[in-house]
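*Asks:* Residue strings, one per chain:
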Amino acid sequence: MQTSSEPPKVAEKPKEPAKKAEKGHPSGDKRFKVLDMTMKRNQYRQDALIEVLHKAQESFGFLEEDVLLYIARGLKLPLSKVYGVATFYHLFSLKPNGAHTCVVCLGTACYVKGSGEVLAELEKHTGIHQGETTEDGQLSIMTARCIGACGIAPAVVFDGTVAGKVSASEAIEKVKPWFNNNTP
Amino acid sequence: MDLQELHEIGAKEHRSQKPIRVHCCTSTGCQAANSLTLKKNLENSVKQNGLSDQIQVVGVGCMGFCGKGPLVQIEAKNKLYEEVTPDDAASIINAINNGTTATAAEGDLNHPFFAKQMRIVRETSGKIDPEKIEEYIAAGGYESLYKVIHDMTSAEVVEEITKSGLRGRGGGGYPTGLKWATVAKMPPKQKYIICNADEGDPGAFMDRSVLESDPHRVLEGMAIAGYAVGASEGFIYVRAEYPLAIDRLEMAIKQAKKLGILGSQIFDSPFDFKINIRIGAGAFVCGEETALISSIEGGRGNPRPRPPYPAQSGLWGCPTLINNVETFANISAIIREGAEWYANIGTEKSKGTKIFALTGKIRNNGLIEVPMGITLREIVEEMGGGVPDGEVKAIQTGGPSGGCIPASLLDTPVDYDSLIKLGSMMGSGGMVVMDKGTSMVGVAQFYMEFCRGETCGKCVPCRAGTVQMYQALTKIINKQATLKDLEKLEQLCQMVKATSLCGLGQSAPNPVLSTLHYFRDEYLGLIESNQNGKKPPQHQQPATAHN
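Taken in order, these protein sequences are the chains called G and D. Under the working numbering, think of the first position of the first sequence as 906, with each following residue one higher. Under the working numbering, think of the first position of the second sequence as 3, with each following residue one higher.
Just chain G, with the same shape it has in the complex (with noise of 0.2 Å):
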């Protein structure tokens, strides 16, 4: 992004195509509503949009191409900024994530004492590679770079809780229940 000597600029209320967007919207409104909130409470400040990204994957799972359209224009944003910003950034996904996931952390200290493997055999295990979800849709395989756990290394984050010194085995028991149940 360039740096411009101006202050950041304060988009007027869009609030005529907001409130078309939200009607329109087949999926429901209440999540549109929550980022509706989160762009006034922002100011609708453009250099909000990584705050309003964040928002908008907590409360979508994802950021389907709508929600980057709507934001863009509660912004006052091109489209192409938006999906700049939210393709750079590693946490924001495009595509949908499982009902479970797992994150097993590839920092040195995890990989000095075999995070490397546990991913393998989780991989081995469910079929599916890193970045991935199962055919049901019920559990991703992630990785982060370092989750800042390392005393307890390797670590591995399901479904949002750290879990430290897991072993491969341990990580495979703790995802079974989450798609052997589901699949076939």
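Wrong hints could be hidden among the right ones.
Said to hold, decoys possible - Per label pair, the in silico range of CB-to-CB distance:
{"hint": "1", "chain 1": "G", "residue 1": "E1028", "chain 2": "D", "residue 2": "S156", "range": "53 to 61 Å"}
{"hint": "2", "chain 1": "D", "residue 1": "M120", "chain 2": "G", "residue 2": "G966", "range": "43 to 51 Å"}
{"hint": "3", "chain 1": "G", "residue 1": "D1064", "chain 2": "D", "residue 2": "G439", "range": "45 to 53 Å"}
{"hint": "4", "chain 1": "D", "residue 1": "A13", "chain 2": "G", "residue 2": "D1064", "range": "27 to 35 Å"}
{"hint": "5", "chain 1": "D", "residue 1": "T377", "chain 2": "G", "residue 2": "K935", "range": "57 to 65 Å"}
What the hints assert, rightly or not - Which residues of chain D face chain G? A partial, calculated answer using Cβ under 8 Å:
{"hint": "6", "residue": "G142"}
{"hint": "7", "residue": "R210"}
{"hint": "8", "residue": "G300"}
{"hint": "9", "residue": "A345"}
{"hint": "10", "residue": "N367"}
Bear in mind the hints are in silico, worked out from the structure with no lab data behind them. Here the structure is a predicted model, which is why all the values come from computation and not from measurement. Note that the Cβ used here is the ideal one computed from N, Cα and C, for glycine as well.
Go by the hints and put chain D onto chain G.
*Replies:* Frame of chain G, contents of chain D only:
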């Protein structure tokens, strides 16, 4: 609020504290090992035994010994319990009350791991409840800010920091006083303070620990910086991967605002300072200051060429002071104890203490704060207790920007300049110990994979160079490389180092260069086993060709 009232808050907190405080760690590491249930059980136990007027269970920040969490410490009895399970709670309370032995393993507080530390940044970490501003005030918190606002001019504050010799703890080691002075000299318009809490170095977690254990110390440091350089607004850029740190920061800002310590007219003076939190979204490059600024402005985290430096033209084109979490956390102690006191700690060119995250193949995992100049051997062998079974092979410092130091150089004193001389760097303070089982070529490949994935893609040397280096390393590991490939890899390293736009690219080849320097045999071994350069039958293609 004036000093009297601040002291009154502290005194009231002191009065309300029970004679025996049971400290239970509630940092991320220990929470992952069920310390919240443990804390609840301890509280229940106290209640059941009717000891509520004597014993108080306090959820505290990190005590440092993260590998053996959850930790419970009772200072009044000089006891530390390690790897405590929720079932141990009753026996610990009993032990305090009746002098019996608890079922949990007792730690040795005289072990070099604790005894060799010198705590400045972490002085109250693990001793106070990070979620209560009163505990920080009772420990003397915010007095430095008061002193600065009421007894010192901005120039005197900058002078004090310059005299202390403090250098940036984010990695580069730029003199903090000089940075402050540059921003202070800029025309008195809008200026900003940024706290860089985007600790992306894999293997480092000291910033996380400081934010989780003592968020007010960072806020106080930022406010003092704001006063010194003439800024009225600050941003903390925290990684989204650190949810607990974000929660506690938000809580801390709210509490400080409520007491009139942050916001407008701080301590009834004309000085205003507000702090906003910005949450990152997972990009290592955002630790680089110009990239961090673009990210705060809501854009992609692309760095830009310097000069102009952020000190002249930073956030929205205004003069901006960017310091790391640990740098800010040092400030209040320097103001309280004086620059001379601080300058007497450490080595000639690296003053004060540094927190290191000691992890990897080592007996005692955790955070240590030690004076600069301590040798690597003291850290790894004495404090860390060495490798559990085997010997140290190398120590990786500085993350993806650093390098591997071989065991033969363990007697090197740790400071900014000596580590750079060894081809590594301090970085934010990660120290990952490796034993014989770790392949150094594999480590180089691991870091290159990291840099390849984290390059922002703006400049060609970094975008294309990291991919090519990764492929060369993969070829070596797959025993398909020849000596010519090694030569090419070395040339590529020099080229990327010399021509990249920002620190990420400039330092990306460091792990390769340092392992090549100290562990060349391992590279050659992999090449020689490759039938004198003949291409062996293809078995494993690098899975990266599309990148």
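*Asks:* Could you run down the list of hints and mark each one as holding or not?
*Replies:* Verification of the hints:
1. E1028(G) / S156(D): 53 to 61 Å: holds (57 Å)
2. M120(D) / G966(G): 43 to 51 Å: Once the Cβ atoms are compared, 47 Å apart, the range 43 to 51 Å for G966(G) and M120(D) holds.
3. D1064(G) / G439(D): 45 to 53 Å: At roughly 32 Å between Cβ atoms, G439(D) and D1064(G) fall outside 45 to 53 Å, so the hint is violated.
4. A13(D) / D1064(G): 27 to 35 Å: violated (45 Å)
5. T377(D) / K935(G): 57 to 65 Å: holds (60 Å)
6. G142: violated (28 Å)
7. R210: At about 4 Å, which falls below the 8 Å cut-off, the nearest Cβ of chain G leaves the hint on R210(D) intact, so it holds.
8. G300: holds (4 Å)
9. A345: violated (31 Å)
10. N367: Because about 5 Å separates N367(D) from the closest Cβ in chain G, which is inside the 8 Å limit, the hint holds.
Hints 3, 4, 6 and 9, counting from the list given before, are not met by this structure.
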